[in-house]
Amino acid sequence: MTQPETRKKALTIDPLKVSPPLGASLALLGVERGMPLLHGSQGCTAFALVLLVRHFREAIPLQTTALGEIETILGGTDNLEAAIRTLVTKSKPAVLGVCPTGLTDTRSEDMAADLRGIADRLHADLGEAWGETLLVHAPAPDFIGGLQEGWGAAVRGIVEAAARPRPRRAGHLTVLAGAHLTVGDLDALRDTIEAFGLTCTLLPDLSGSLDGHVPETWSPVSLGGTPRAALDDLGAASAILAIGEHMRPAADLLAERCGLPVTLLDTLTGLRACDRLTTVLTEVSGRSAPTAVRRDRSRLLDALIDSHFAAVGQRVAIAAEPDLLRGMVTIATDLGCRVPVAVTSTRAPGLEALPVDRLIVGDLDDLETATLEAGGCDLVIGPSPAIRAAKALHAPLIRVGFPQVDRVGSQHDCFTGYRGTRQVAFAIANAIAESHAEHHLRPPHPSPVEVPHDSDAPVAAG
Amino acid sequence: MLSDRLAPVFDEPGCATNRAKTDAQKKAGCKPKGPAPGAAAGGCAFDGAKISLQPIVDAAHIVHGPIACEGNNWDNRHSASSGSDLYRRGLTTDLTELDVIQGGEKKLWKAIRQAIEKFDPPAVFVYQTCVPALTGDDIRAVCAAATERHGRPVIPVEVPGFVGSKNLGNRLAGETLLEHVIGTREPETTTPTDIALIAEFNIVGDLWQVMPVFEKAGMRVLSPITGDARYHQVAQAHRARASMVVCSQAMVNVGRKMQERWGIPYFEGSFNGVRATSEALRTFSRLLVEQGAAPDLIDRTEAVIAAEEAEVRRRFEPYREILAGKRVLLYTGGNKSWAMVSTLQDMGMEVIGTSVRKATDHGKDRARDLLDGADQKLFGAIPNAEMFRMLKDGEADIMLSGGRSQFVALNARRPWLDTNQERHHAYAGYAGFLVLAERIALTLTAPIWDQVNGPAPWDAGDTP
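In the order they appear, the protein sequences are chains A and B. Take 6 as the starting number for the first sequence in our numbering and just add one per residue. Take 7 as the starting number for the second sequence in our numbering and just add one per residue.
No lab work stands behind these hints: they were computed from the structure. On a predicted model such as this, the values are computed, not experimentally measured, just so you know. A couple of the hints might just be wrong.
To be verified - Mimicking DSSO-like on lysine-lysine, the simulated pairs with C-alpha atoms at most 30 Å apart in a straight line are:
(1) K13(A) / K396(A)
(2) K112(B) / K124(B)
(3) K112(B) / K14(A)
(4) K332(B) / K398(B)
(5) K383(B) / K332(B)
(6) K370(B) / K332(B)
(7) K14(A) / K396(A)
(8) K116(B) / K13(A)
(9) K112(B) / K13(A)
(10) K398(B) / K95(A)
(11) K116(B) / K14(A)
(12) K370(B) / K383(B)
(13) K398(B) / K370(B)
(14) K383(B) / K95(A)
(15) K398(B) / K383(B)
(16) K124(B) / K396(A)
(17) K124(B) / K13(A)
(18) K396(A) / K116(B)
(19) K14(A) / K124(B)
(20) K97(A) / K398(B)
I would like the entire structure built from these sequences, with the hints used as guidance.
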């Protein structure tokens with residue numbers, strides 16, 4: 006048991022965290038024709054937008070209530086109403102998600118009440134023109150947690166706004182997908198579910214919206230994602246599968262609304278996690294695992310064996326949000342690596358059970374300094390800004406999580422399921438092997454200067 | 007009071023937009039209508055202030071606010087440094103709920119101390135943000151006390167996001183420099199040809215493309231404000247003999263007030279393209295001679311201009327044919343609205359339209375003149391759907407714009423080149439002209455466009 010430490014320092018240096026409203030926005034982009042609206046100053050939206058664009062390299066619909074000085078002091082409800090009116094009539098999103106920011110939280114605006122009032126007024130005023138827009142409240146305060154907490158709050162908000170009791174639907178799963186799953190992970194998960202003869206609704210579903218497809222027309226809202234109609238039918242399933250501890254609030258609410266059983270898997274990385282998924286799908290479908298899945302499992306076993314030679318005993322420092330961290334610590338330690346330092350963004354339930362020497366709720370500077378204190382490491386796993394720490398530690402970096410601003414295609418990386426776990430096992434082993442080939446195939450002590458033994462050879466001047 | 011510091015910026019006589027306003031409009035400030043909720047784009051004032059000051063590479067830049075203000079934002083500009091990279095570190099007080107309740111001043115005080123102990127910078131900039139401004143953290147007082155305690159400048163940048171636009175933030179950053187930095191150090195030596203460059207941020211090394219030309223002409227950049235600057239270089243800017251405001255919308259107030267306080271003449275110019283660069287060099291040489299530099303500076307400068315222009319003409323030759331007659335949609339703003347037009351025309355390309363957002367009236371006039379008085383070629387904001395149609399229908403061969411609008415072009419499967427701050431190449435001065443020509447040529451002729459616009463097998467029609 007390693008209790009998470011919170012460093013007593015006033016200055017955060019190179020944050021690992023991004024803001025929860027950014028995470029909430031991202032979740033809302035995983036719904037078809039979704040539109041996140043940040044209730045705050047223009048900058049709250051602009052910063053989130055720029056970072057999302059740098060990571061995904063896709064158009065990101067994201068709007069702002071553009072609070073100025075007067076609205077900040079007197080209250081921003083009028084701006085919120087004006088923004089909702091504009092978006093509902095102009096962009097006609099299927100889901101309009103309102104995310105408060107630190108600015109509105111500090112004022113303690115009663116957003117839920119404000120939104121009810123605004124919805125009533127606008128419905129009366131606009132009538133038919135309101136269309137089908139579902140208004141979602143995604144309360145993810147800037148002060149608590151990071152991307153995954155905001156994501157969780159937005160998904161819970163969608164469930165709150167949309168989910169109703171529905172008759173059970175055999176052979177169908179409602180999957181609440183956590184922020185730690187990439188487009189590649191979601192594709193793999195859907196394929197696996199379908200391999201068991203099941204169907205599923207993924208919420209949110211970035212694999213439809215931020216997967217980098219080239220659309221035929223321009224859209225002011227998200228293109229692809231969980232269909233609007235599927236939101237009404239979230240309860241029409243035989244079970245709920247939630248991936249990530251941070252999806253628990255949304256899963257519990259959906260279960261309460263619809264009376265469905267919930268299975269929560271905190272990660273899908275690592276043999277045991279994949280086996281748990283297989284067991285769940287076997288139970289739900291009443292079928293034993295199909296050949297392709299069995300084959301993938303067998304390949305993973307071989308991959309673990311092949312990879313452990315390079316990995317065993319190596320020191321891996323990891324920086325990631327809690328649920329992604331669980332997966333990365335699991336595969337690293339499954340391969341026999343030691344994790345001297347793990348840094349995460351917030352205290353989340355269950356982290357103390359992770360097999361790491363030190364667990365710090367902190368920043369990327371903590372990653373660097375704590376790992377140096379621990380005597381260094383052989384590999385760093387973290388988001389792209391961790392490159393500074395990795396260079397200082399003379400270790401290679403495997404990029405995971407958000408953001409990854411110096412790579413294209415990171416959303417297609419798949420590190421979950423039997424196949425994805427195989428990929429990450431290879432990635433760890435290869436990174437370590439390559440780094441050793443560069444740095445460690447040297448004699449332990451500098452050898453004496455070699456003198457040319459051939460006296461006829463030309464001697465370099467000086 | 008913050009409003010007292012806003013007033014002079016709203017009243018800035020050096021700003022053409024402002025001069026055109028009535029007194030009542032001036033009092034209303036820089037956003038007469040205000041951004042439209044639900045239909046706004048662009049950063050906040052804090053964003054603008056940080057962009058303007060962060061290129062001071064050896065200073066520590068601490069953001070006093072919740073995680074959104076720095077966690078989503080750090081190290082996202084490509085201002086380049088020839089030395090320290092302290093300016094790229096993400097430093098923030100990362101305010102929590104408890105800090106909001108108890109006040110964040112003590113945390114800020116400690117954060118400043120930690121930054122000084124860890125990095126030993128010559129100066130610290132502390133950025134106020136919305137939340138602590140709302141709860142009433144007095145960062146001015148904290149900074150004053152920290153300056154005394156640590157024996158180095160700790161400068162409050164009081165520009166919370168909610169006070170206005172990014173552009174207003176640029177100017178308030180300028181006010182901060184005028185109030186706390188410029189004029190506080192003396193240079194070791196001065197020369198009669200010392201100059202200051204204002205609002206040139208050395209994006210991916212722009213500044214380095216023009217520095218050698220100034221050197222050849224015998225001018226010394228005493229003070230880059232703020233691209234690749236060391237703190238002391240900005241602090242000694244008052245000893246410059248002439249200054250140039252490179253992005254006039256951003257910091258014209260700095261140029262004007264340096265003239266007012268220290269008699270340093272300034273002009274608004276650009277390094278965008280050959281014509282603008284030559285014009286800037288000529289203006290500098292004239293101003294410096296008026297200020298007492300040796301009169302032969304003018305001839306020396308002309309000689310440098312002639313040589314550089316001839317060299318550009320020679321090296322541009324390989325691109326001439328590729329670029330000739332190609333149609334460009336230019337979607338940028340500020341001084342680039344006109345400066346880029348002349349640059350692209352010099353390359354033999356046809357500008358089918360330019361957006362004049364954030365351009366001064368002077369800038370709009372210049373753009374109009376360059377486009378033969380065709381007002382229909384001057385755009386405000388183009389709706390994305392319309393922009394998509396223009397590109398899809400092939401009205402333009404390439405779009406040059408910033409990262410925000412790139413996907414409109416890319417989703418229309420048309421060539422696009424980044425000409426704003428997220429670009430990876432520097433386009434300043436004579437050298438930059440050639441880099442831009444090369445990048446446009448490479449983009450236009452990239453083999454991917456044929457592939458991504460060709461039919462899929464199931465659309466080809468003649469598949470058996």
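So, going through the hints one by one against the coordinates:
| no. | hint | result |
| --- | --- | --- |
| 1 | K13(A) / K396(A) | 25 Å, holds |
| 2 | K112(B) / K124(B) | 18 Å, holds |
| 3 | K112(B) / K14(A) | 12 Å, holds |
| 4 | K332(B) / K398(B) | 16 Å, holds |
| 5 | K383(B) / K332(B) | 16 Å, holds |
| 6 | K370(B) / K332(B) | 23 Å, holds |
| 7 | K14(A) / K396(A) | 24 Å, holds |
| 8 | K116(B) / K13(A) | 11 Å, holds |
| 9 | K112(B) / K13(A) | 13 Å, holds |
| 10 | K398(B) / K95(A) | 22 Å, holds |
| 11 | K116(B) / K14(A) | 8 Å, holds |
| 12 | K370(B) / K383(B) | 11 Å, holds |
| 13 | K398(B) / K370(B) | 27 Å, holds |
| 14 | K383(B) / K95(A) | 26 Å, holds |
| 15 | K398(B) / K383(B) | 18 Å, holds |
| 16 | K124(B) / K396(A) | 19 Å, holds |
| 17 | K124(B) / K13(A) | 15 Å, holds |
| 18 | K396(A) / K116(B) | 28 Å, holds |
| 19 | K14(A) / K124(B) | 12 Å, holds |
| 20 | K97(A) / K398(B) | 23 Å, holds |
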